[in-house]
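Just so you know, the sequences run in chain order A and B. As numbered in the working numbering, residues 355 to 1026 make up the first sequence, in order. As numbered in the working numbering, residues 355 to 1026 make up the second sequence, in order.
What the hints contain is simulated information worked out from the structure, not anything from laboratory work. It is possible that some hints are incorrect.
Said to hold, decoys possible - Here are the computed lysine-lysine pairs in the DSS-like style, where the Cα-Cα straight-line distance is at most 27 Å:
id, chain 1, residue 1, chain 2, residue 2
1, A, Lys422, A, Lys464
2, B, Lys803, A, Lys426
3, A, Lys706, B, Lys464
4, A, Lys707, B, Lys707
5, B, Lys1006, B, Lys426
6, A, Lys544, B, Lys377
7, B, Lys544, A, Lys377
8, A, Lys426, B, Lys707
9, B, Lys464, B, Lys426
10, B, Lys426, A, Lys803
11, A, Lys426, A, Lys377
12, B, Lys544, A, Lys544
13, B, Lys544, B, Lys422
14, B, Lys706, A, Lys706
15, B, Lys707, A, Lys464
16, A, Lys498, A, Lys487
17, B, Lys377, A, Lys707
18, A, Lys377, B, Lys377
19, B, Lys706, A, Lys464
To be verified - Selected chain B positions facing chain A (Cβ under 8 Å, derived; list incomplete):
id, residue
20, Lys377
21, Gly427
22, Lys464
Since the model is a prediction, treat every value here as computed from it, not as a measurement. Every residue gets a Cβ at the ideal spot worked out from N, C-alpha and C, and that includes glycine.
There are 2 protein chains.
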Amino acid sequence: MQAGLRFGRIPITNVQPVLEGGKFPAKAVRGGDVRVSAVVFREGHDLLGATAVLFAPDGSEAQRARLKPGPKGTDSWEGVLTPSHEGNWSFVIEGWSDLYATWSHNAQVKINADVDVDVMLAEGALLLGEAAKSAKDTAPGAAKVFKQAARALADPSLNVNDRLAAGTGAEVRAAVVRFPLRDLVTATGKFPLLVERDAAGRGAWYEFFPRSEGAMRHPETGQWTSGNFRTAVHRLPAVATMGFDVVYLPPIHPIGTLNRKGPNNSLLAGPSDPGSPWAIGSAAGGHDAIHPELGTFADFDAFVAAAQELNLEVALDLALQCAPDHPWATAHPEWFTTRVDGTIAYAENPPKKYQDIYPLNFDNDPEGLSAEILRIVRLWIDHGVRIFRVDNPHTKPVWFWEWLIGTINAERPDIVFLAEAFTRPAMMAALGRAGFQQSYSYFTWRNTKEELEEYLVHVSRESAGYFRPNFFVNTPDILTEYLQYGGPAAFKIRAILAAMGSPLWGMYAGYELYEHVARPGSEENIDNEKYEFKDRNFAAAEAQGNSLAPFVTLLNTIRRAHPALLDLQNLSLHESSDPATLVFSKHKLIAATAEEPARKDTIIVVINVDPHSMREGEVTLDLDALELDGLSPDGTFLVDELITGATWNWGKKNYFRLDAHLEPAHILHIRR
Amino acid sequence: MQAGLRFGRIPITNVQPVLEGGKFPAKAVRGGDVRVSAVVFREGHDLLGATAVLFAPDGSEAQRARLKPGPKGTDSWEGVLTPSHEGNWSFVIEGWSDLYATWSHNAQVKINADVDVDVMLAEGALLLGEAAKSAKDTAPGAAKVFKQAARALADPSLNVNDRLAAGTGAEVRAAVVRFPLRDLVTATGKFPLLVERDAAGRGAWYEFFPRSEGAMRHPETGQWTSGNFRTAVHRLPAVATMGFDVVYLPPIHPIGTLNRKGPNNSLLAGPSDPGSPWAIGSAAGGHDAIHPELGTFADFDAFVAAAQELNLEVALDLALQCAPDHPWATAHPEWFTTRVDGTIAYAENPPKKYQDIYPLNFDNDPEGLSAEILRIVRLWIDHGVRIFRVDNPHTKPVWFWEWLIGTINAERPDIVFLAEAFTRPAMMAALGRAGFQQSYSYFTWRNTKEELEEYLVHVSRESAGYFRPNFFVNTPDILTEYLQYGGPAAFKIRAILAAMGSPLWGMYAGYELYEHVARPGSEENIDNEKYEFKDRNFAAAEAQGNSLAPFVTLLNTIRRAHPALLDLQNLSLHESSDPATLVFSKHKLIAATAEEPARKDTIIVVINVDPHSMREGEVTLDLDALELDGLSPDGTFLVDELITGATWNWGKKNYFRLDAHLEPAHILHIRR
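Extracted from the complex, chain A is given alone in its bound form:
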């Protein structure tokens, strides 16, 4: 009779994470926690339970997680699944009538009111007697508990209270956790869950221009000699020492000479100005070539190999746009927009013109252009690149990304694409669904406690199924007012927020030197490295105590020691009495392995986000979010402060005092 019906016996709706009914898979990272939730309810008063079941790519059942009820009246249930390795996983939600909870509730209420005493005891004996039979083979321990309870419930020689207690005591309650008494079990269909490798969702990124590393200015002529891969390789050990995982290079291709931009985005470059690496293509080649001054493919391969030796991955820029002298402009004018006067249209945002750039047009020859870009991506993969930082993906059709990333990931699921998109929310979300493993985010412009609280909840809960934010603290294009005017404290605060708040964070070279002077009227560094060489002396700054590098090293060291910090979906907010002090925690239950027992890893960050002030007040912790089992509401526990090394007794309420000019934050680890 139920054939063809859309409602099952127990209705289950609003399952999360599910994107457009399962049309796109939700995203996860190997070993990362996935918050699942659903609305599960039923007719009448009987109690119910809900379970999430995780299936591995081979279809085998990998995990069952009992869900906990959400806020009263919402009928929502939630829990955590943790897929162990990469691949196309899936999950279902089961709803079921909870026979034991229903009987136990009714029996206690009715027997205490002296209603139906005999019937309730007899029903309990029957229920637990049958449960003992069912559990005999798979859960013999629980079966034994059920059997004893059933006997006591049915024993007329005992008094009523003892019989009831035998059926509702702690032992039986523990046994039904192991062996729930489920009836009317109803399951949803399978929802897809794409599990990707660590680098898709975890990592600390460091961006630098290889041409600057080893660049030298002639002391007399003032002429620069460009750095190259052979000189830039010497920067890698310092980057590795700071604890970064990824080195991201701006485009390494030949730079256009026609309409080349000069220093500070001036319209015309001088003869020795190097030009913006994002104006790609010249007589020396296009996206499949290397800038002659940077070296050869052999030099690049050696650079990638040197990085690998240091456990650094190289991320390449994929900037799909051309300088006017890019080879495509003559060989394939159909890949651009030709104007009515026969010229190729340059980039513009009327009336602003960007005459050093020709945007691509995907509508004249989508097959030809797509195939060429695929060839280029495969070329760089063949040279060891496994991560692409994609420039301005929101200026290309979304279908193209779905196709490109889908095609590449079908042959190489380990290839990661980062969307450099700063645009409206609809496009940001679409790029995530289209396949981008991660994205630049609005983090850069979220500075106050309120802004950060809202944004951290959004990215860790609401959008986590399709959008993995990479919290860059700066980029060559972004030097926010907060950094321009906040002093060194601002640089420290933003680094802590990024490194502790997100499993993905990034920094562009110069941040550790507190470079904070902007070109007037802009949100970019003055004398921007996009158009010039930079010769930075990192070692000297560090020797003089003028570098954030040691603190960045500490942050990345803390990240590597604490798996909770490398998950996205495990963030909880806590209260503080101060309007500029933000408090959040990251908590993860790490399953037992053959070598180690299960353990909990929990970090609490208390941070004063006003770089000009000293703040004090009281933190009120949400103890449930910290899973301090058995802690009484006025109990205390030990926390290790990971910046200073102090150890304190903390509880639900705790005093703090944070001077932004000294240490703006506490990073606390709960000792278990």
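Chain B: place on chain A using the hints.
Here is chain B on its own, set in the frame of chain A:
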């Protein structure tokens, strides 16, 4: 290349109304406005358009509605579709590159900045020249405008400003509304839209107990003689005169005698107490029988026929529960829950017991029980019943309703089911998706301005695709504190809110007599008609001016004269300076017919919801919501006040003064 991709050329997401990806159809009523919306966006800076296309049940295109952009930054678009008749309709959203808007924007910005002047004029001439050719056959008027504009754009003898003006003037802008210049047109799949008859979503309901109408108390013995269908028929003309559309009767079946409830819900009835009609079934029969005191099937048929003569539909109660002496209790014990002691379980909410009621159990014999209920529903349909008010549907499995309503509506799409569910939101929503055409709602408990504003927006916008609320002002089970203590003003206010705020509203007999005394400690009338006969003298009350009936008549008359009031999704809120004065409007564009030109119908309700006060202040109207084309921000327009007959000049800001004890509301109609 795009085969198999999920993103089209122009991404379109978040289409509304779509239930679970189209798994359930969204609901509409014949001729009722359906708000549609979507997020439509594209890469880059070019401008785009969006269109909703409506398809009739036969698959033919019935309407195209150009969507308007929503709030800035959201990429949302919205508009209205209006299906003309019942059936299984569908709609799609189209997104498209707007060639004219893109050119027009760029041309004006660039030419004003003296950039690319010749190119922009030439591109405009080319675009409009080609548009003239495309439009020639289908829109010859627009084609002529395009051709003239193209010529002027290309005419070097004119000055630049005149050439630009020729391409961007009002005539061309009007022509592209008729014939948009669309490129890269991308359509979603079809989303289902179930269009039902008027009674599914529109109507004024009146509930009364037929046994009370014509019931007589013997002056000496105090014994009651029950009213019946032949006496109750005399109440129908008054109900029709008040302007109601539906007469809803509590269950008309034999009432159980075992454990029958007495007056005021007392545990045991006296020998002459009639019992609750919801305790169904006795030796005289069950759900397929008529209470002997109410009459025969012939009497019932005559009652239905008399109602039809007065354009009243009869709604029957479908209360799927049994008194202990219902025939099913002996013939089909498997349709109930049998306890371990062999007795049938009565209804309970432990420790509360309802021993006059046996709830049904759908899990022992779902096929047999379902078939029997289907037989019963068909029986009453055969006796002219086309509307069922379903008692407590949330205590039966949701799948059963999906099956029952689906089965009945497949053979009789005109049958309407009202869910009498007052429970948590998840179940309320599920019953709507399962097929219930309408539902009781939380309206009864929304009394303050803030509560009402939130609820009106929720039901008219957020949930309208699956949930049609019937705003009952009272029921035999519900006499809110607001009515108990608010005096006659409260009764008037709630009637206005219900009748003007929702296309479906309802009233239970006695409301017009201001019956407001509750049984102590309950939210029900004292001496509740559920357990007793009531002999009300409506005519005498009206003659003495102690009846709300004339005002109810006025409300229903206004409803019938104003189609805007009979739509659900067309409500907008407006501001008032007073915290107890609510302002909302209902607006509808009524399409032209063979007889009449198109016209706009707009009602504005300004209502003081505090029954104890006089309120004054300023209303600020959202003029966009009223579609007063061409009205300047400080312009005025005529409104007719439909309660008093006054006519005023109103504008954006208007003074009001509302004394709840005199007239708590203005009901204004905009004169066009």
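Now for the hints, and whether the structure bears them out:
Under the criterion of a C-alpha separation no larger than 27 Å, the hint pairing Lys422(A) with Lys464(A) is consistent with the structure, at around 26 Å. Taking the CA atoms of Lys803(B) and Lys426(A), the gap is about 25 Å. The hint holds against a cut of 27 Å. For the hint linking Lys706(A) to Lys464(B), the alpha-carbon distance of about 9 Å falls within 27 Å, and the restraint holds. Restraint check: the Cα-Cα separation between Lys707(A) and Lys707(B) comes to about 79 Å, which exceeds 27 Å; the hinted pair is violated.
For the hint pairing Lys1006(B) with Lys426(B), the CA-to-CA distance comes to about 23 Å; that is within 27 Å, so the pair holds. Pair hint Lys544(A) plus Lys377(B) holds up; C-alpha atoms about 16 Å apart against a cutoff of 27 Å. Of the supplied pair hints, the one linking Lys544(B) and Lys377(A) holds, its CA atoms being roughly 16 Å apart against a limit of 27 Å. Only pairs whose Cα atoms come within 27 Å are accepted, and Lys426(A) paired with Lys707(B) is accepted, the gap being roughly 25 Å.
Among the hinted pairs, Lys464(B) with Lys426(B) is consistent with the structure: their alpha-carbon atoms are about 23 Å apart, no more than 27 Å. Taken as a hint, the Lys426(B) and Lys803(A) pair is honoured in the structure, with Cα atoms around 25 Å apart against an allowance of 27 Å. Distance check on the hinted pair: Lys426(A) and Lys377(A) sit about 31 Å apart at the alpha-carbon level, beyond 27 Å; violated. Taking the CA atoms of Lys544(B) and Lys544(A), the gap is near 24 Å; set against the 27 Å cutoff, the hint holds.
Our distance criterion of 27 Å between C-alpha atoms is met by Lys544(B) and Lys422(B), whose separation comes to about 20 Å. With a C-alpha separation of about 75 Å, the suggested pairing of Lys706(B) with Lys706(A) is violated against the 27 Å cut-off. For the hint pairing Lys707(B) with Lys464(A), the CA-to-CA distance comes to about 10 Å; that is within 27 Å, so the pair holds. Distance check on the hinted pair: Lys498(A) and Lys487(A) sit about 9 Å apart at the alpha-carbon level, within 27 Å; holds.
Between Lys377(B) and Lys707(A) the CA atoms are separated by roughly 48 Å; this puts the pair beyond 27 Å, and the hint is violated. A distance of roughly 13 Å separates the Cα atoms of Lys377(A) and Lys377(B); the hinted pair therefore holds under the 27 Å criterion. Taking the CA atoms of Lys706(B) and Lys464(A), the gap is about 9 Å. The hint holds against a cut of 27 Å. The beta carbon of Lys377(B) is positioned within 8 Å of a beta carbon in chain A (closest approach about 6 Å), and the interface hint is therefore held.
Taking 8 Å as the C-beta cut-off, the interface hint given for Gly427(B) holds, the closest approach to chain A being about 5 Å. The interface hint given for Lys464(B) holds, since its Cβ lies 5 Å from the closest Cβ of chain A, which is under the 8 Å cut-off.
Figure legend: structure checked against the earlier numbered hints; hints not met, in rising order: 4, 11, 14 and 17.
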